[in-house]
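Colleague: Chains as they are written, first to last, in my numbering: chain R, 24 to 302; chain W, 15 to 455.
Treat the hints with care, since some could be wrong.
Example chain R residues on the side facing chain W (calculated, C-beta under 8 Å, incomplete) [stated by the list, open to error]:
#1 Leu180
#2 Leu209
#3 Leu249
Don't read these hints as lab results, they were simulated from the structure. Even for Gly, the Cβ is constructed at its ideal location relative to N, Cα and C.
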Amino acid sequence: MTQRLLSLAIYGLSTGLGIIAFLHPFWSAIATATTQMGQAHAADAPLMLTLLVGLCFAVLLLEVQGQVVSAKLVALLGILVAMNALLRFVDVAIPGPGGYSPIFALIILTGYVYGSRFGFLMGALTMFVSALITGGIGPWLPYQMFTAGWVGLSAPLCRPSVWLLQGEGRWGEVVVLAAFGGLWGLLYGGIMNIWFWPFATGPVEQYWTPGLPVLETLQRYAVFYLATSLWWDAMRSAGNVALILVIGLPTLRALRRFRQRFAFDYLPGYRPAPAGGRQ
Amino acid sequence: MPVKYQTFLPTIRKPAGSVLGLLILTVILGAALVRAEGPNRVGLIVVHNDQVIKKCVEFSEETITGYDVLERSGLDFNVDLSNSMGAAICRIDGQGCTYPAEDCFCRCQGSPCFFWSYWHLDGDAWRFSGLGTSNYEVGDGDVEGWVWGEGSPNRGGSLPPPVSFAEICALAPTPTPTNTPLPPTATPTLTPTYTPAPTDTPQPTGTPVPTPQISHFTADRTTISAGETALLSWNLSGAQAAYLRYNGVEEGVIAPGSKTVSPATTTIYTLIARNEGGESRAEITVIVNPAAPEQAVNVAAAPSPSPTAVPSVPAEVIAVPTATPSIPATSTPGPTVQLPASATPPPVAGPPSPEPAGPVTLTAPPPATEVAAEPAVTQLQPLSRREFQAGLAGEPASDRPDRARQLVAYGGLVIVLGLFLAAPVVLLGVGWLAWWLRRRQ
Chain R
24 MTQRLLSLAI
34 YGLSTGLGII
44 AFLHPFWSAI
54 ATATTQMGQA
64 HAADAPLMLT
74 LLVGLCFAVL
84 LLEVQGQVVS
94 AKLVALLGIL
104 VAMNALLRFV
114 DVAIPGPGGY
124 SPIFALIILT
134 GYVYGSRFGF
144 LMGALTMFVS
154 ALITGGIGPW
164 LPYQMFTAGW
174 VGLSAPLCRP
184 SVWLLQGEGR
194 WGEVVVLAAF
204 GGLWGLLYGG
214 IMNIWFWPFA
224 TGPVEQYWTP
234 GLPVLETLQR
244 YAVFYLATSL
254 WWDAMRSAGN
264 VALILVIGLP
274 TLRALRRFRQ
284 RFAFDYLPGY
294 RPAPAGGRQ
Chain W
15 MPVKYQTFLP
25 TIRKPAGSVL
35 GLLILTVILG
45 AALVRAEGPN
55 RVGLIVVHND
65 QVIKKCVEFS
75 EETITGYDVL
85 ERSGLDFNVD
95 LSNSMGAAIC
105 RIDGQGCTYP
115 AEDCFCRCQG
125 SPCFFWSYWH
135 LDGDAWRFSG
145 LGTSNYEVGD
155 GDVEGWVWGE
165 GSPNRGGSLP
175 PPVSFAEICA
185 LAPTPTPTNT
195 PLPPTATPTL
205 TPTYTPAPTD
215 TPQPTGTPVP
225 TPQISHFTAD
235 RTTISAGETA
245 LLSWNLSGAQ
255 AAYLRYNGVE
265 EGVIAPGSKT
275 VSPATTTIYT
285 LIARNEGGES
295 RAEITVIVNP
305 AAPEQAVNVA
315 AAPSPSPTAV
325 PSVPAEVIAV
335 PTATPSIPAT
345 STPGPTVQLP
355 ASATPPPVAG
365 PPSPEPAGPV
375 TLTAPPPATE
385 VAAEPAVTQL
395 QPLSRREFQA
405 GLAGEPASDR
415 PDRARQLVAY
425 GGLVIVLGLF
435 LAAPVVLLGV
445 GWLAWWLRRR
455 Q
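The task is simple: from the sequences and hints, build the whole structure.
Modeller: This is how it looks when you write it as structure tokens:
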């Protein structure tokens, strides 16, 4: 019980930390002083990165200790993260259209099958490892780790809809997951923009200035998003949908087979009680 | 459960899935290709002495430079490429200097200083180019202007005559040159009414030429607070050229037309219509009350409110989000140069027509302040981006031919948001609702 609470607290802390990291410029006075794009978060990003990585490892260690069987799961996590990082490496070599990236499909499917906590680790560590092998380390990395982590964290939200469609193992399941991937294609961009947006300047009706009321901030962000990143992100959404539709069924089968092998306490049928599958 | 999955392994499903996926991919790719193809066109107008030459230049690329436009127009021109800052245009259509036999600016060695000034049509107003011809990118629907003279109107030069893309290109789809020398008695071949209002009377063609008629010149509000905007609109007939004068600057306009202004201080706007017979004027004074202190902070990016000077445009050239190109998973739409497009009315209080510092601005990629005046936005989706910015900024409906594209862009917006935002949210929401209802029972 203590272990569970502790585990819960650490995931909650990671998510909270991410939200604070994204939103703190809106309150911080630094926002006005620092306007150089590349310098955004230059001061606090390393701190965030260290904290996040530290928390990830704390989670991992806790998981390993907390559940005896899950040493195997940690190995599985390592393999999945490596596969996904490789996918991103390929995508860097042969770029897809717009913001398309193949990594999200696997994060969503893994998070959906193995639960929120596993999904969070899958997303965050995928970004971390792939940044190492693609040379993508920078002040944006912690933000990518948080956001990709949230993609995996939220994947089990699909379960009620799958249950409603009686779709487990069928097309209904894949369609729900594909729609979820489409949603995250836009959300990921919408969240990631915030890491630089308070520091950027341009047409007044698109950019934030200190002291702006919340409502107008949201309005300006909406205009900024539609004008700059919608089509970029739409490519990612379309890619997620297409990829999940194509690889969804076989990948889910494979993931579930491993879940059985590792005697993960899966739920017979969907029951949303907190039995370990999700938080 | 596992047994259940095994039963769902029939081999038919796998190909079905792949086929469906491939189909979707094909549709996406197809849509991308459709967007890219089709000849793009740009209008070109060259004015020297009594000659007005209009050309419609077709190209297949997304954008080409102003230099390419000249080159592909088939007009005679001479260029000095020795300048490391970019190409300098010395001669067009036989007018000007021949480099290297002469200095590229051989007619600008003192006063008067004649050179080829370079203009871009922005909505319905001509703007002096802040970039050199080899540095300025044009896309479908743009209009480029070249005038042999002394630069901008307050240096003694003149703007290109009012013209629209539709007039140059849509009416003459084939890129045949139409040399129309202006007859000395000036039957107005260049009437400003390119999209005549239905009530317009026909142009007078006889001599003597009557002075132009300004049928109306109004503002939706004449008293505003700093940072707010007023919409000027006008119509006139019988003019050969029409200008809007304010803050000591004259800006070419077409009629009927409108302009959203946001002056920082009280400003007099004068509409001037000219033809051979003389000129007519109408005035509107927009009174600006000092802003509340809080507002003043918010419009900090607006030009400094110096009453007489031409407001300077905020010089922010931001390389946005630049995660390294090797980081495709960042949401940032690539290296984007964000510029305050002057097409978006507030809060730029005047036409950002930067003063040409002699002919040099023709050749050089200018300093940051001048770059800022350029709406030459380099981006991944130039088309839709521009449409969105114009649309979202509440720009009055323009009569540019890319109205259809605007519709396409907004249609795409609805489809994308519906497919990737509304549909998933509904799907997930219904699932959760059903689950919650069942649990309550």
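Colleague: Looking back at the hints listed earlier, which ones does the structure fail to meet?
Modeller: none
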